[in-house]
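Keeping their order, the protein sequence lines are chains X and H.
Take the first sequence: its letters are residues 1 to 204, numbered as in my numbering.
Take the second sequence: its letters are residues 1 to 65, numbered as in my numbering.
These are computed hints drawn from the structure, not numbers from a lab.
Since this is a predicted model, take the numbers as computed values, not measurements.
A couple of the hints might just be wrong.
Pulled a few chain X residues facing chain H out of the computed Cβ check, cut under 8 angstroms [unchecked claim]:
{"hint": "1", "residue": "Asp10"}
{"hint": "2", "residue": "Glu69"}
{"hint": "3", "residue": "Ala80"}
{"hint": "4", "residue": "Tyr131"}
Pair ranges (Cβ atoms, derived) [what the hints assert, rightly or not]:
{"hint": "5", "chain 1": "H", "residue 1": "Asn2", "chain 2": "X", "residue 2": "Gly59", "range": "34 to 42 angstroms"}
{"hint": "6", "chain 1": "X", "residue 1": "Leu94", "chain 2": "H", "residue 2": "Asn2", "range": "48 to 56 angstroms"}
{"hint": "7", "chain 1": "X", "residue 1": "Leu122", "chain 2": "H", "residue 2": "Gln61", "range": "30 to 38 angstroms"}
{"hint": "8", "chain 1": "H", "residue 1": "Met1", "chain 2": "X", "residue 2": "Leu191", "range": "32 to 40 angstroms"}
{"hint": "9", "chain 1": "X", "residue 1": "Val48", "chain 2": "H", "residue 2": "Gln61", "range": "48 to 56 angstroms"}
{"hint": "10", "chain 1": "H", "residue 1": "Gly36", "chain 2": "X", "residue 2": "Arg60", "range": "49 to 57 angstroms"}
{"hint": "11", "chain 1": "X", "residue 1": "Leu107", "chain 2": "H", "residue 2": "Asp18", "range": "46 to 54 angstroms"}
{"hint": "12", "chain 1": "X", "residue 1": "Val48", "chain 2": "H", "residue 2": "Gly36", "range": "39 to 47 angstroms"}
{"hint": "13", "chain 1": "H", "residue 1": "Lys22", "chain 2": "X", "residue 2": "Leu191", "range": "32 to 40 angstroms"}
Cβ atoms here follow ideal geometry from the backbone N, Cα and C, with glycine treated the same way.
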Amino acid sequence: MTRLSKTQHDLRVFAAMAVYVVLLLILLPHARRAEDSLLRLVYALLPVLPLLYVVWLLGRRIWQADELEQRTHLIGLGVASAVVGVFSLIGGFLAITKALPQEAPALLLIWVFPILLFSYGLVREWAARHYGGGLCDEADGMPAHVRLLIVALIFGAVGAWSYFHSTDNFAFGVFCGIATAFFGAAVVFGLRRWLRPGNHAGDR
Amino acid sequence: MNNKVRELRGERGWSQGDLAEKLDVSRQTVNAIETGKYDPSLPLAFRIAKLFRMTIESIFQPGKD
Numbered sequence: 001m002t003r004l005s006k007t008q009h010d011l012r013v014f015a016a017m018a019v020y021v022v023l024l025l026i027l028l029p030h031a032r033r034a035e036d037s038l039l040r041l042v043y044a045l046l047p048v049l050p051l052l053y054v055v056w057l058l059g060r061r062i063w064q065a066d067e068l069e070q071r072t073h074l075i076g077l078g079v080a081s082a083v084v085g086v087f088s089l090i091g092g093f094l095a096i097t098k099a100l101p102q103e104a105p106a107l108l109l110i111w112v113f114p115i116l117l118f119s120y121g122l123v124r125e126w127a128a129r130h131y132g133g134g135l136c137d138e139a140d141g142m143p144a145h146v147r148l149l150i151v152a153l154i155f156g157a158v159g160a161w162s163y164f165h166s167t168d169n170f171a172f173g174v175f176c177g178i179a180t181a182f183f184g185a186a187v188v189f190g191l192r193r194w195l196r197p198g199n200h201a202g203d204r
Numbered sequence: 001m002n003n004k005v006r007e008l009r010g011e012r013g014w015s016q017g018d019l020a021e022k023l024d025v026s027r028q029t030v031n032a033i034e035t036g037k038y039d040p041s042l043p044l045a046f047r048i049a050k051l052f053r054m055t056i057e058s059i060f061q062p063g064k065d
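Please model the complete structure; the sequences and the hints are all you need to start from.
Following this line, the structure appears as structure tokens:
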């Protein structure tokens, strides 16, 4: 199995996440309305398939990583596991003491995977920088601002879809807010790259 | 640990990317080794030594601590 370049890996992850979001938006309303319990199950679980693909991509990347990369993966996954563990513990205590609304435990469970991935990405970036590298290294993949811009576009598209196909203003606001945040980050990273001496032509 | 990897690479006119490819590691790993931020494992140190046709101890020397 050949090692994917960082750009190939990133593009596959983005594509899978885009499919996940689209499936989630299309199927979840049907899952709530479906009369047949089997159909409801299928609707509810289909969005998990692209996430399983992302997990497989992540496993493949770690498996094919060199020793230093594996160390940064280990640090990232270790800290992320601890963060998720603490988050789940706090959520569990709050749910047991009924300090949260009745539907909160299910929502908390949905946030476990995003928090795991976010913490993992953040800590791995820190670990890579500690060793003098960085996941945003333009020489080995898609520039950080382009990655952030793609994420902003995905969320923007979902927001637009939500605006035209759903009456849920909260979802529309959330997606637009996330898209704006990622767009802002893309602008900051793009400017930082542009202002860096000797990087105007992308030569490193 | 101190090492002569950057010096040896420079003598051969290789970029960090070239060396990374020859060692089957990432460019960041080569950079981390050259800057002393990461000490390679014994198997990787042997690969480096074999590539430069030198002994490990002539490339890697213990640091002050």
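- [ ] Return the numbers of the hints above that this structure violates; sort them in rising order.
- [x] Violated hints (numbers, rising): 1, 3, 10; every other hint is consistent with the structure.
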